[in-house]
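Q: Listed here are the chains, written in short residue letters.
Number of protein chains: 4
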Amino acid sequence: MAIRAAVAGASGYAGGELLRLLLAHPEVEIGALTGHSNAGQKLGALQPHLLPLAERVLEPTSAEALAGHDVVFLALPHGQSAAVAQQLGDEVLVVDMGADFRLRSPADWETFYGSEHAGVWPYGLPELPGARAALEGARRVAVPGCYPTAVSLALLPAYAGGLAEPEAVVVAATGTSGAGKALKPHLLGSEVMGSMSPYGVGGSHRHTPEMIQNLSAVAGEQVSVSFTPTLAPMSRGILATCSAKAKPGATAAHVRAAYEKAYADEPFVRLLPEGQWPATASVYGSNAVQIQVAYDGAADRVIAISAIDNLTKGTAGGAVQSMNIALGLGETTGLSTTGVAP
Amino acid sequence: MAIRAAVAGASGYAGGELLRLLLAHPEVEIGALTGHSNAGQKLGALQPHLLPLAERVLEPTSAEALAGHDVVFLALPHGQSAAVAQQLGDEVLVVDMGADFRLRSPADWETFYGSEHAGVWPYGLPELPGARAALEGARRVAVPGCYPTAVSLALLPAYAGGLAEPEAVVVAATGTSGAGKALKPHLLGSEVMGSMSPYGVGGSHRHTPEMIQNLSAVAGEQVSVSFTPTLAPMSRGILATCSAKAKPGATAAHVRAAYEKAYADEPFVRLLPEGQWPATASVYGSNAVQIQVAYDGAADRVIAISAIDNLTKGTAGGAVQSMNIALGLGETTGLSTTGVAP
Amino acid sequence: MAIRAAVAGASGYAGGELLRLLLAHPEVEIGALTGHSNAGQKLGALQPHLLPLAERVLEPTSAEALAGHDVVFLALPHGQSAAVAQQLGDEVLVVDMGADFRLRSPADWETFYGSEHAGVWPYGLPELPGARAALEGARRVAVPGCYPTAVSLALLPAYAGGLAEPEAVVVAATGTSGAGKALKPHLLGSEVMGSMSPYGVGGSHRHTPEMIQNLSAVAGEQVSVSFTPTLAPMSRGILATCSAKAKPGATAAHVRAAYEKAYADEPFVRLLPEGQWPATASVYGSNAVQIQVAYDGAADRVIAISAIDNLTKGTAGGAVQSMNIALGLGETTGLSTTGVAP
Amino acid sequence: MAIRAAVAGASGYAGGELLRLLLAHPEVEIGALTGHSNAGQKLGALQPHLLPLAERVLEPTSAEALAGHDVVFLALPHGQSAAVAQQLGDEVLVVDMGADFRLRSPADWETFYGSEHAGVWPYGLPELPGARAALEGARRVAVPGCYPTAVSLALLPAYAGGLAEPEAVVVAATGTSGAGKALKPHLLGSEVMGSMSPYGVGGSHRHTPEMIQNLSAVAGEQVSVSFTPTLAPMSRGILATCSAKAKPGATAAHVRAAYEKAYADEPFVRLLPEGQWPATASVYGSNAVQIQVAYDGAADRVIAISAIDNLTKGTAGGAVQSMNIALGLGETTGLSTTGVAP
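Residue numbers (UniProt numbering), protein chains in the order written: chain D, 1 to 342; chain E, 1 to 342; chain Y, 1 to 342; chain G, 1 to 342.
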């Protein structure tokens with residue numbers, strides 16, 4: 001019997017990507033689609049690439065609309081998930097694609113989001129140690145942020161293997177869909193095309209504490225992250241260039257071995273053959289993470305670079321992967337490591 | 001039992017897109033992959049987005065390598081398909097993604113390609129009148145060109161309905177993947193980004209006689225096509241803007257009705273709701289054709305615009321759709337009308 | 001003594017491009033800069049590419065602010081120019097970059113803009129017959145629309161030479177800056193990149209009557225224009241593909257000769273050598289118009305293609321060129337035919 | 001009397017940009033243009049954006065062709081400049097836009113370029129301490145690499161002010177023109193658009209020793225640089241994100257003050273107002289360097305980000321600026337800090 005899924009926030013980029021994946025998921029039947037300002041409109045006018053759902057009409061987001069489903073995905077603005085989740089039964093799987101339940105530290109939440117901390121849910125990055133077990137059977141899941149997904153997986157083997165000093169430097173480029181459909185001048189095509197620009201420099205980006213949380217847990221010591229996100233002239237994709245000083249004694253061979261071991265059995269993470277570097281085009285629309293690592297002897301740093309699709313593995317694909325685990329389906333069901341290129 | 005498929009020319013864009021689709025096809029098992037200058041290399045180095053096939057090694061294209069398959073796809077340079085096809089048995093389905101067997105007129109072939117005409121195979125555009133029947137059970141299929149696919153489907157209802165004069169004017173924009181992986185200066189990213197430019201103006205593009213062939217057959221009279229292709233700063237997609245003078249008596253209502261009727265039951269062609277126009281982004285990676293039509297009373301012209309993905313419906317998706325019909329599978333098996341957007 | 005220029009609407013794309021050109025104009029001194037919602041802000045925050053003016057503060061648009069200048073450029077929303085111009089003295093040169101004073105037909109204005117017709121000013125396309133003379137000494141100038149500039153110059157020699165039937169078909173691609181800084185969803189970078197899409201199909205685009213006005217005047221008979229604009233994934237540039245049935249007796253040689261003669265002495269229009277086609281990249285940031293023409297014998301049509309920068313020759317460069325003529329400066333002063341490429 | 005300038009390598013991107021700037025330079029007359037494989041062709045076919053030079057024909061690069069000029073610019077492949085320069089008189093100003101004379105260490109040259117070291121010429125980055133004086137009256141100039149220009153100017157005040165530890169981490173994004181017109185598969189538009197990818201990771205990029213040379217000289221101690229270049233989907237521009245651990249006692253106020261002081265009088269370097277970050281679009285086609293700096297207290301790092309146009313300030317603009325100084329012209333003659341945007 002099909003799993004019935006509802007999507008709150010179906011008109012945005014995250015919601016649209018989720019629907020794209022659910023349409024290809026053999027065990028899911030798409031139920032209610034809700035929106036806020038777009039309620040009452042046909043999906044065909046809002047997401048013209050989702051032809052099979054073109055005639056579906058968005059309902060206003062409400063407990064009634066979302067009732068009667070096996071899983072409810074929340075693609076809502078930050079701070080709105082708790083209220084909605086509370087109205088859904090404990091037996092319903094709620095997968096939150098927002099930030100509300102990612103951070104363990106209420107202080108961090110308050111510093112970066114300026115509101116009251118809603119709590120912590122099992123964290124939907126199965127590749128982290130212990131995460132998969134916590135997701136099995138879970139009925140609440142917090143999907144990670146797109147940058148933390150790319151950065152945590154790039155550096156995990158280095159920190160898990162005790163090969164890197166706890167001061168990471170990360171510069172990441174993202175496609176514009178990471179900023180959503182918000183109507184802001186700097187997101188206009190005229191401004192974006194042909195331009196690279198940074199934002200949230202100096203530790204102010206909200207994904208910073210989430211990266212620190214993940215890397216510190218893996219390293220077993222407090223890791224600082226100097227994080228600089230940049231906006232790139234492309235719709236999708238994150239390329240995260242991450243580095244840290246090597247711990248004394250770490251060699252290129254140690255580093256390579258640690259990465260090979262860490263990801264040997266991960267279905268969605270691919271350590272590329274030596275000499276081949278990831279490109280965001282290769283993971284376009286796919287749930288794959290492509291990673292390469294190098295040791296720079298002159299600078300004595302481990303450099304790990306990952307490429308993901310911010311909307312797929314970075315958001316909606318991660319959500320479906322977590323749903324699969326929570327519901328006991330095959331983890332890779334309905335997901336693919338094949339990108340759409342060129 | 002799975003259908004075993006071989007792909008000759010697996011390192012190019014058409015071959016890569018075909019493999020992307022075959023990986024998602026539930027009835028196909030991917031067999032031999034062959035190449036020419038890239039033989040001996042791993043596919044992972046050539047098509048880094050096809051992770052499930054990364055370890056596969058390209059063989060040289062030969063009758064031996066292609067033997068023992070149920071279907072052989074040819075993604076070869078123009079003029080090379082006949083020799084390869086001849087070496088394959090009559091019971092093997094051969095799907096040619098090149099131009100060799102598309103044109104019925106040897107004179108047209110010689111004018112536009114400058115070599116001897118190889119023949120005519122059943123034409124892989126099932127939406128044309130009579131085409132589906134000719135494909136059923138066929139063991140040789142000529143996949144249409146990408147532009148003829150977009151243009152023929154845009155104008156078919158107008159000509160089938162006797163609504164348009166037989167002088168069509170077509171201006172189409174294509175993504176750069178339509179030119180393949182050829183190393184030519186004007187295809188460099190530095191030249192392409194931020195620039196629109198025409199090429200093959202004045203009727204010299206090789207797809208022109210194919211459009212004329214299709215539209216004339218549908219119209220029941222000889223149709224001329226003034227065709228101007230332009231290169232757009234995007235990797236994929238064709239937007240074809242097609243128009244013709246309206247026949248006397250044709251009204252906007254006639255036009256709309258003709259288009260609605262023509263495509264009511266076509267699984268991959270979608271006439272958009274009135275007022276909504278197609279965008280190539282909406283069909284990115286999908287096998288859908290999105291179409292809109294209008295009647296311009298002041299200029300007395302029917303204007304039909306279609307958007308396709310040149311690599312999917314325009315090449316590899318059309319090939320799979322034709323294979324499905326030829327082999328008696330469901331026509332839509334392994335294909336989708338869902339695009340990857342934004 | 002320097003010419004003092006004021007710019008009303010300095011925070012938009014047209015205003016910004018005008019300031020870029022005026023900064024390089026040896027005879028102009030930049031005076032008041034005004035804005036509406038951005039009044040009070042520094043230009044450096046709004047136009048970060050105009051470093052020499054970064055500390056200038058926008059004033060509210062008012063007669064006071066604009067007083068005391070030799071030339072006032074209006075880069076205002078349609079319908080607002082008349083009221084401002086009325087408050088400026090008759091001896092001041094007012095160059096309107098909006099649409100208000102372009103159309104000679106009040107009926108056309110009302111049909112396409114829905115408000116009362118403001119009047120007609122000398123038309124700032126000096127390459128049109130008679131236009132240069134009308135601009136000399138003028139104190140009011142209506143700068144043409146970007147599409148009419150590209151299309152009129154592409155087809156002028158064909159119609160002036162009596163070589164083309166009076167039914168033109170135009171498909172043009174524009175960069176997104178043509179739509180201005182308006183915050184509309186379809187102009188977001190995420191939507192625009194990788195996508196081509198039409199808009200204003202079927203004769204509804206407001207630039208249609210302006211093209212008809214220009215071409216009919218040149219042809220000496222009423223010309224219809226079937227105009228389809230499309231939005232391309234680039235910031236700047238217009239590529240206009242224009243065609244019309246050849247008049248009986250017109251040959252390829254006639255066509256070539258007509259174009260060579262028409263533009264032999266035009267400083268900003270370049271008929272390319274035969275076989276070379278224009279690209280928008282070649283005119284990026286320049287005031288040049290690159291044109292090529294062909295005769296398609298099979299379709300019996302004349303095909304003329306032009307490339308301009310919509311913000312330069314299509315708006316601000318055309319404005320400066322007209323100012324130069326009106327004030328008796330050298331027509332090319334401060335303008336260039338050198339593009340920024342690649 | 002005009003300065004006569006010859007350009008060897010006029011068909012490439014660096015040569016084309018140089019010609020664009022020289023066309024606007026009031027004191028320069030463009031003399032011989034030479035090429036290698038393109039000799040005999042008209043420039044209009046190779047650089048269609050340089051309309052004023054369209055009829056000029058490329059000569060083969062030779063001492064004869066380059067003789068009789070006041071300044072000769074060399075835009076040649078690495079390793080070819082010395083032989084050409086030797087044939088030109090000592091009184092001729094030779095400006096080398098290649099790498100041959102940039103590095104002071106023969107060992108570094110041999111390690112990174114694999115050939116014999118040609119020597120050291122005055123270094124064309126006037127903003128470095130002492131560089132301007134060395135350029136005055138010089139008859140040989142080595143123009144810096146594009147990345148070293150962006151990175152050295154981003155970090156100069158931090159190292160000159162003793163505010164940063166000598167281990168810099170740099171991640172830079174470049175437009176594709178930085179790779180020149182080489183016909184390589186990864187530079188095809190189809191591969192580049194929509195994709196970010198790293199290359200030369202781990203210290204292997206040839207610009208690394210040049211950055212180390214510059215920063216070490218400024219810091220007065222040996223600085224290591226972990227440099228990761230990435231290829232961005234745009235034609236032009238470099239965004240360099242540079243950081244280093246703060247030295248003990250360094251505060252945000254110290255950092256800001258050091259940057260303000262360092263660049264207060266530099267005509268081409270602009271420290272942006274606090275809170276405004278550079279974008280490559282803002283320096284498109286301009287000789288400006290836009291810089292912002294921040295102190296990240298949590299990570300205890302100084303983060304400096306610069307944006308330049310790799311072809312202008314990063315290559316040809318830097319060459320003209322150096323020529324101006326060497327010949328005693330005003331340093332800013334013919335150069336601009338106005339970008340072409342959007």
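Since the hints were made in silico from the structure, they are not lab data. We put the beta carbon where it would ideally sit given N, CA and C, even for glycine. Treat each hint with caution, since some may be false.
Stated by the list, open to error - Computed far set for chain D versus chain G, every beta-carbon distance over 10 Å: (1) S37; (2) Q41; (3) E116; (4) H117; (5) G161; (6) S190; (7) V225; (8) A232; (9) R236; (10) K245; (11) A264; (12) A281; (13) L327; (14) E331.
Unchecked claim - With a Cα cut of at most 27 Å, we get these calculated DSS-like pairs of lysine-lysine: (15) D/K247 - G/K181; (16) D/K184 - Y/K245; (17) G/K181 - E/K181; (18) Y/K184 - D/K184; (19) D/K261 - E/K42; (20) Y/K245 - D/K42; (21) E/K245 - Y/K245.
Q: If a hint holds in the structure, say so; if it doesn't, say that too.
A: Right, here's what the structure says about each hint:
1. Distance to chain G confirms D/S37 as a non-interface residue, since its nearest Cβ pair spans about 28 Å, more than 10 Å.
2. The beta carbon of D/Q41 is kept farther than 10 Å from every beta carbon of chain G, the shortest such distance being approximately 28 Å.
3. With a closest Cβ-Cβ approach of about 23 Å to chain G, D/E116 is found to remain outside the 10 Å limit, as its non-interface label requires.
4. Once the 10 Å rule is applied to beta carbons, D/H117 is consistent with being away from chain G; the minimum gap is 19 Å.
5. The non-interface label for D/G161 is consistent with chain G: the shortest C-beta to C-beta separation is roughly 18 Å, beyond 10 Å.
6. Non-interface status of D/S190 relative to chain G is broken: a Cβ of that chain comes within 10 Å, the nearest being about 4 Å off.
7. The claim that D/V225 is not at the interface with chain G is violated, since a C-beta of that chain comes within 10 Å of its own (minimum 7 Å).
8. Under the 10 Å C-beta cut-off, the non-interface status given to D/A232 relative to chain G is violated; the minimum distance is some 5 Å.
9. Not every Cβ of chain G is farther than 10 Å from the Cβ of D/R236; the closest lies at roughly 7 Å, contradicting the non-interface assignment.
10. Taking the minimum C-beta to C-beta distance to chain G, about 8 Å, the non-interface status of D/K245 is violated against the 10 Å cut.
11. Every CB of chain G lies more than 10 Å from the CB of D/A264, the least distance being 23 Å, so the non-interface label holds.
12. Its closest Cβ contact with chain G, about 3 Å, brings D/A281 to no more than 10 Å, contrary to its assignment away from the interface.
13. Distance check for D/L327 against chain G: the nearest CB is about 33 Å away, which clears 10 Å, and the non-interface claim stands.
14. Every Cβ of chain G is farther than 10 Å from the Cβ of D/E331; the closest lies at roughly 28 Å, confirming the non-interface assignment.
15. Distance hint between D/K247 and G/K181 is unfulfilled; the C-alpha atoms sit about 41 Å from each other, more than 27 Å.
16. Distance restraint check for D/K184 and Y/K245: the Cα-Cα separation of roughly 45 Å exceeds the 27 Å cut-off, and the hinted pair is therefore not satisfied.
17. For a cut-off of 27 Å, the pair hint linking G/K181 to E/K181 stands: about 16 Å separates their Cα positions.
18. Straight-line distance between C-alpha atoms of Y/K184 and D/K184 comes to about 9 Å, which keeps the hinted pair within the 27 Å bound.
19. The straight-line distance between the Cα atoms of D/K261 and E/K42 is roughly 22 Å, inside the 27 Å bound, and the hint therefore holds.
20. For the proposed pair Y/K245 and D/K42, the alpha carbon gap of about 42 Å is over 27 Å, so the pair is violated.
21. At roughly 12 Å between alpha-carbon atoms, E/K245 and Y/K245 fall within 27 Å of each other, so this suggested pair holds.
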